[in-house]
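Taken in order, these protein sequences are the chains called L and R.
The numbering used here puts the first residue of the first sequence at 1, with every later residue one more than the last.
The numbering used here puts the first residue of the second sequence at 1, with every later residue one more than the last.
Please note that a few of the clues may not be correct.
What the hints assert, rightly or not - Quick list of the computed label-pair ranges, beta carbon to beta carbon:
{"#": "1", "chain 1": "R", "residue 1": "S288", "chain 2": "L", "residue 2": "M391", "range": "30 to 38 Å"}
{"#": "2", "chain 1": "L", "residue 1": "W139", "chain 2": "R", "residue 2": "E137", "range": "27 to 35 Å"}
{"#": "3", "chain 1": "L", "residue 1": "K43", "chain 2": "R", "residue 2": "G139", "range": "50 to 58 Å"}
Stated by the list, open to error - As a list, the in silico DSS-like pairs of lysine-lysine whose alpha-carbon atoms are at most 30 Å apart:
{"#": "4", "chain 1": "R", "residue 1": "K668", "chain 2": "R", "residue 2": "K738"}
{"#": "5", "chain 1": "L", "residue 1": "K321", "chain 2": "R", "residue 2": "K998"}
{"#": "6", "chain 1": "R", "residue 1": "K7", "chain 2": "L", "residue 2": "K321"}
{"#": "7", "chain 1": "R", "residue 1": "K1009", "chain 2": "R", "residue 2": "K731"}
{"#": "8", "chain 1": "R", "residue 1": "K582", "chain 2": "R", "residue 2": "K8"}
{"#": "9", "chain 1": "L", "residue 1": "K321", "chain 2": "R", "residue 2": "K263"}
{"#": "10", "chain 1": "R", "residue 1": "K108", "chain 2": "R", "residue 2": "K37"}
{"#": "11", "chain 1": "L", "residue 1": "K303", "chain 2": "L", "residue 2": "K213"}
{"#": "12", "chain 1": "L", "residue 1": "K213", "chain 2": "R", "residue 2": "K263"}
{"#": "13", "chain 1": "R", "residue 1": "K867", "chain 2": "R", "residue 2": "K802"}
{"#": "14", "chain 1": "R", "residue 1": "K75", "chain 2": "R", "residue 2": "K731"}
{"#": "15", "chain 1": "R", "residue 1": "K582", "chain 2": "R", "residue 2": "K1009"}
{"#": "16", "chain 1": "R", "residue 1": "K1051", "chain 2": "R", "residue 2": "K849"}
{"#": "17", "chain 1": "R", "residue 1": "K1051", "chain 2": "R", "residue 2": "K998"}
{"#": "18", "chain 1": "L", "residue 1": "K361", "chain 2": "L", "residue 2": "K274"}
{"#": "19", "chain 1": "L", "residue 1": "K303", "chain 2": "L", "residue 2": "K321"}
{"#": "20", "chain 1": "R", "residue 1": "K37", "chain 2": "L", "residue 2": "K321"}
{"#": "21", "chain 1": "R", "residue 1": "K79", "chain 2": "R", "residue 2": "K802"}
{"#": "22", "chain 1": "R", "residue 1": "K867", "chain 2": "L", "residue 2": "K321"}
{"#": "23", "chain 1": "R", "residue 1": "K998", "chain 2": "L", "residue 2": "K214"}
{"#": "24", "chain 1": "R", "residue 1": "K867", "chain 2": "R", "residue 2": "K368"}
Worth flagging that the hints you see were computed from the coordinates, not collected in a lab.
Backbone N, C-alpha and C fix where the C-beta goes; we use that ideal spot for every residue, glycine too.
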Amino acid sequence: MFDSADCLAGSLISVHPWRETIAGLDFCCEDLSSKKMKDSINKGKLVLGDGSVFEGGAFGFLRSVSGEVVFNTGMVGYPEALTDPSYRGQILVLTYPLIGNYGVPRQNFSNNLAVAFESDRIQIAGLIVSESSFNYSHWNAARSLSQWLQEEKVPALTGIDTRALTKYIREKGTMLGKILIGDEDVEFHDPNLDNLVCQVSVQAPLVYSAGSKKVLLVDCGCKNSIIRSLLARDITVTRVPWDYNFLDEEYDGVVISNGPGDPKMCSAVITHVKEVMERNSPIFGICLGHQILALASGADSYKLKFGHRSQNQPCTEVGSKRCYITSQNHGYAIRHETLPEGWSPWFINANDGTNEGIRHKSRPFMSVQFHPEAAPGPVDTNLLFDEFVQML
Amino acid sequence: MSDRQLKKVLVLGSGALKIGEAGEFDYSGSQAIKALKDEGISSVLVNPNIATIQTSDFLADQVYFLPVNPFFVEKIIEKERPDGILLGFGGQTALNCGLELEQRCVLKRYDVEVLGTRIQAIRETEDRDLFVRKLKEIGVKVPISSAATCVEEAVAVAREIGYPVMLRVAFALGGLGSGLCATEDEVRERATKALAHSPQLLIEEYLTGWKEIEYEVVRDRFDNCVTVCNMENLDPMGIHTGESIVVAPSQTLTNSEYHLLRKIAIQVIRHLGIVGECNIQYALDPNSQDYRVIEVNARLSRSSALASKATGYPLAFIAAKLAIGHSLTNLRNSITGVTMACFEPALDYVVVKIPRWDLQKFRRVSKKIGSGMKSVGEVMAIGRKFEEALQKALRMLEIGVCGLVGNENLRFTDLETELGEPTPERIFAIPEAIKQGYSIERIHRLCHIDKWFLHKIQNIVSVEQMIRQQAGSFSSRELLLEAKQAGFADRQIANLIDSTESRVRELRYGWGILPCVKQIDTLAAEYPAQTNYLYLTYNGQEDDIAQEPQDAVIVLGSGAYRIGSSVEFDWCSVNTVLTLRKLNYKTIIINYNPETVSTDYNECDKLYFEELSLETVMEIYRKEDPIGVVISMGGQIPNNLAILLHEAGLKVLGTSPLSIDIAENRHKFSQLLDRLAIGQPEWRELVTLQETVSFAHSIGYPVIVRPSYVLSGAAMGVASNDSELVKFLQKATEVSQKHPVVISKFVENAKELEIDAVAHHGELIVSAISEHVENAGVHSGDATLVFPAQRTYIETMRQIRKITERIARSLDINGPFNIQFIAKGNEARVIECNLRASRSFPFVSKILKVNFIEIATRVMMGHEVPKVNELMFGIDYVGVKAPHFSFTRLDGADPTLGVEMTSTGEVACLGDDFEEAFLKALLSVGYQMPVQNILLSTGPVEAKAAFLRCAKILTALNVNLFATKGTADFLRADGIETTVLHWPLENERPNVREYLRKGALDLVINVPKNYQEEELTNDYIIRRQAVDFGIPLITNIQLAQRFVEALGRKKMADLEIKAWNQYQPEIVNSVFNASLVSSIDPVVILSEKVK
């Protein structure tokens, strides 16, 4: 009578057309544009590299995609996360089950930067949630998550047991996957073999003017909030493409941004950073930028089993009793033990002991694996920008 | 915060459970004591709440069942000489006591260090003026407001801010006396009342409709700070957070809002210098990112207990560790075992908390909810959809609903009003409004609830309507799955399609629609969890835990605390689990009350934070395949499941459900008593008014009336004549074939006694007889209990024991039970029998130092337990249990004792004689000594006569006697002079009203003239005003007599400061300790788990 096999994948599709069919109800923020989609096709599935399948309902843009499947445990901040260039090529699983509650803000620009977003577009390859909220509510929202995904041509699945999926990834490690919608099949593809940084970096230098101090920002897939954090401190930012030879530019310090993929793919940046180090200019690396600085110093990097993607990673500052809650999004890390002479670990992940930051003992070079610019996530380490600015 | 080596720490508890301060402090105090134990620090606990787990012999090293007030705590400090004191674990009671001890320089004198947050910081959070100033220093926004210490000042401030304004009361539990004032008159009225309780008021700008958001923040002395959880109130500003439906984490906040408020929380906590835990409440503008900080509680709170349960983060345990000097970075996350305590839980589920009210128990109370707290308990439900969690939570309330929709007994005559001026039923009015065609926009305008929540409710309505279309033949598997995912119960679906719960279940099983077990792991599956903190969901495809065959026992907990079922049943459940663990069984608890210790995931092997319903228990049983289910420890909710579980084929441990059914069924039980020739008051179940009246005539008035269908008002009543009977039945109830009414003889001038006992296959193993101070007619939960009985004939006691033995044998009782008796002359009659643990089990167990629950558990599991009798002769001290009433919070409620229970909590104290224990107990529930000015209004002539001797005692004590006219005349006839005060409704002076208002009285004795006063009488005004102005009130003549006699014999100084272990029973322990030696000591289990 109780056959537990009956309760398996495939029983979770919960996108039903009835939501729109009851007369007299108010659907002021209903996602009407997705109506056609829900009437015709409402099934989709995630196929993982090892052949396992998670079935759900499709929403957003209806096409099949492949990518690397990663999970993030943050409970807020999907507009920020989806536009974070570090997710380039990845199918993002959000573990918080209710996504889309507060809709998506209108695209406004301030200082040439999209307000409330981390770049000008959705960067993820696809999205997996437990429940997409088709009705949203927020004073600042202009559209639903589904509408936004459609506009940006990104497919998504809802009704997935994201907890089961996350546990699977935790145990087996990050793996390739594909979202299949309708009959369209696609090949598995490992985005880490692509030059992802090249895809997300600016094409030509851009200047954001503020104060007299100048920071040269190497854009490896920079989040807008890094620029905002510098501008808020009256720093003029020159944002250059990842492989741009900036050595002849005028600057007081260099920030190497976050970005997607394997840091070892960024050999051009590593070469440039080595030069800057020779000149003793202040350097601040963030996330991928941290890995690049470490590689430039001679240390080594490796791929984590399933990475750190969350807003609650505790990082202890080496040599103190202080611990900070940080926002993270990375799949690679630095090996402490490969740090050369003159460098020391700065932050350590209190949960698993991995490296979270390094700094040079005598020279103005520092970097962190986490995101001091937050967005999404806690702003506790924002003060690192102050520290950097003081070095300039 | 200590740098010194702590050896002994004093922990203050919160006393009786009351509205605004309930079971959550048993949870937090217990965790604090565990943390101290873990450190090898000796702990001393002051808490007169005997039913708590924190006052167990295996937790604190010394327990004092004494009032948590400066007088007693000072003496305890003098005696115990602790190095440190923890003030943050016993609610506002402990905090206020600590502030006063500091002000009186007691802490300094005895060199007691306040651990954790400094006194100065506590003061800055408690004194609204200081608080506002402190927050302004760092540019944090607070509501525009100003403090006032007198009525005129309050009026002036209100005028300046502009109406409407919010009036708040400083130093108050749960927003007592706070409220919205739209006019100057309202300010005057509220301010006058509030100033009777508190020296200070705050008048603030009105933020109705703003979102109400809370954060729980933890900080160590090294300045590490984390916010463990944030919560969003579904009911926005204007409704007290204790009265709101609360959702965790927040649902409608963006990243920038979430982290803006988080950042401010940390800023504020650092600026105030909190060490340990605190709660911060915000108002957030729903139309911009503007915010206000409403308040900070520098202590564990109801919200922090909720946050602990919602996230799995052991806030109280960690807070205690931080208070004694630890850093967040050297404490571990006890769920994963590998990650550290310095982190912020990531939830991958949604939590919904709903308050539980019991307003129908009170006469004349206002049903409106608002900025003051009236709820008596709460439930918490976990799901992976909001709809799922909401509907589960609504069923958990056990108020006769099967979910949000599909309920027959809810009707709204005026939806607009219900939405705009909420009562506890507002949430049910929303789906009703949707069905009646209200737009979401319109509903939102009326109730200000965020549209996101309203849309979710609309989803539930949509599913409901689709299910209704399936009436007759349910053909869509898809829809049934959809319904289960939206939190519909089988029973609820059955209601909608006119089917039965079991048929829906069959259908569901046929389609393979089954729930999954999911784990709460604090890290959203990023790390594997070592604990089994579990819930069920239909929004999943696989179980988190593998089920292995094991010797597991399921123990059903008590559900929400409510009037009549409270922390005592949690004590029983926890002790059952402890015993089972000693006996090497695996233990599984099912409970959903976030205020409890039983829902601490380390109390048992597996905790299902789930419904106590047939459906859910069956699903868990099916997954766990246990030895059986214990249903006799959690009070009436699990007890009611006995026969259902039995019929569904589940193994119910202990007494057979068939016997339970006999005891629960009035007819069957009555027949049994007749067969056994045991006396019972006459009763009959009747279906017409005519029959009812003629039966009342035949047995003679007064009679107790118990309708089975109640429209409004109290469920039970007493009628003294035809007109009262008819009026009662016509006004509030329906009498029909379908809804019979039970009439029983009300025996006057009789004693009430009860026996708590355990039987083994029908043989009485252990028992304890307690007597009530009040005569029969006062609900046993509101009565003052004395154990061992002091004023009962040996013959009566013998009869009670004989009757008990006979009932035990004939029902083949195998576990705990309780029988209530009425005794008049030398005849004892049975009035009630419960084949489960009762409210007084912890009381008698702790007085006797024989754990009745441990014995009962061993019995139920088939272990041999030796028989012990005549226990009460082995002790030469007395325990008195007294009820605590929360009338102050229940606007308008008539504070009298009657057949319906109205107390919200209880205390019990020990003494070398009755008077000592009695006075300590009364002092613990708010009575004061010495008494200088008493108002006497002793009601019926018998009561007047009975009190005469007491009036003489008071005269001899030089107490100033004031009396209302009749009482004064009566006393004068016997040569006792009193000052006559005019009745409140008379326009003459001196008037009772003015004496009450100016606080010129310190005790009011007002005995009602009949059993159920319905009119707005002078007596009612006296009682109500006494409560409103914080003056102790006695309304029962026996209680008044015993109190005055005790005052005549004892002074404060005579009340001994003795710890629990200084009271030792003489004979029993040797017998029991020898037989109950076990392989595992409970303390060992606990300390292992907390590490």
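Hints, verified against the model:
1. R:S288 with L:M391: 30 to 38 Å: Given a distance of about 37 Å, which is inside 30 to 38 Å, the answer is holds.
2. L:W139 with R:E137: 27 to 35 Å: 30 Å Cβ-Cβ, so the 27 to 35 Å window holds.
3. L:K43 with R:G139: 50 to 58 Å: holds (53 Å)
4. R:K668 with R:K738: holds (19 Å)
5. L:K321 with R:K998: violated (55 Å)
6. R:K7 with L:K321: holds (25 Å)
7. R:K1009 with R:K731: Roughly 21 Å separates the two Cα atoms, so the pair holds.
8. R:K582 with R:K8: holds (29 Å)
9. L:K321 with R:K263: holds (20 Å)
10. R:K108 with R:K37: At roughly 25 Å apart (the allowed maximum being 30 Å), K37 of chain R and K108 of chain R satisfy the hint.
11. L:K303 with L:K213: Since the Cα atoms of K303 of chain L and K213 of chain L sit roughly 36 Å apart, the hinted pair is violated (cutoff 30 Å).
12. L:K213 with R:K263: Given that 30 Å is the threshold and the Cα spacing comes to 28 Å, the pair holds.
13. R:K867 with R:K802: This hinted pair holds, its Cα atoms lying about 15 Å apart.
14. R:K75 with R:K731: violated (53 Å)
15. R:K582 with R:K1009: Violated. K582 of chain R to K1009 of chain R sits at ~54 Å, over the 30 Å cutoff.
16. R:K1051 with R:K849: Answer holds: K1051 of chain R to K849 of chain R is near 28 Å, not above 30 Å.
17. R:K1051 with R:K998: Roughly 26 Å between the alpha carbons, so the hint for K1051 of chain R and K998 of chain R holds.
18. L:K361 with L:K274: holds (17 Å)
19. L:K303 with L:K321: holds (29 Å)
20. R:K37 with L:K321: With Cα atoms ~25 Å apart, K37 of chain R and K321 of chain L stay inside 30 Å; holds.
21. R:K79 with R:K802: Not satisfied, since the Cα-Cα distance of roughly 45 Å exceeds 30 Å.
22. R:K867 with L:K321: violated (58 Å)
23. R:K998 with L:K214: violated (71 Å)
24. R:K867 with R:K368: violated (52 Å)
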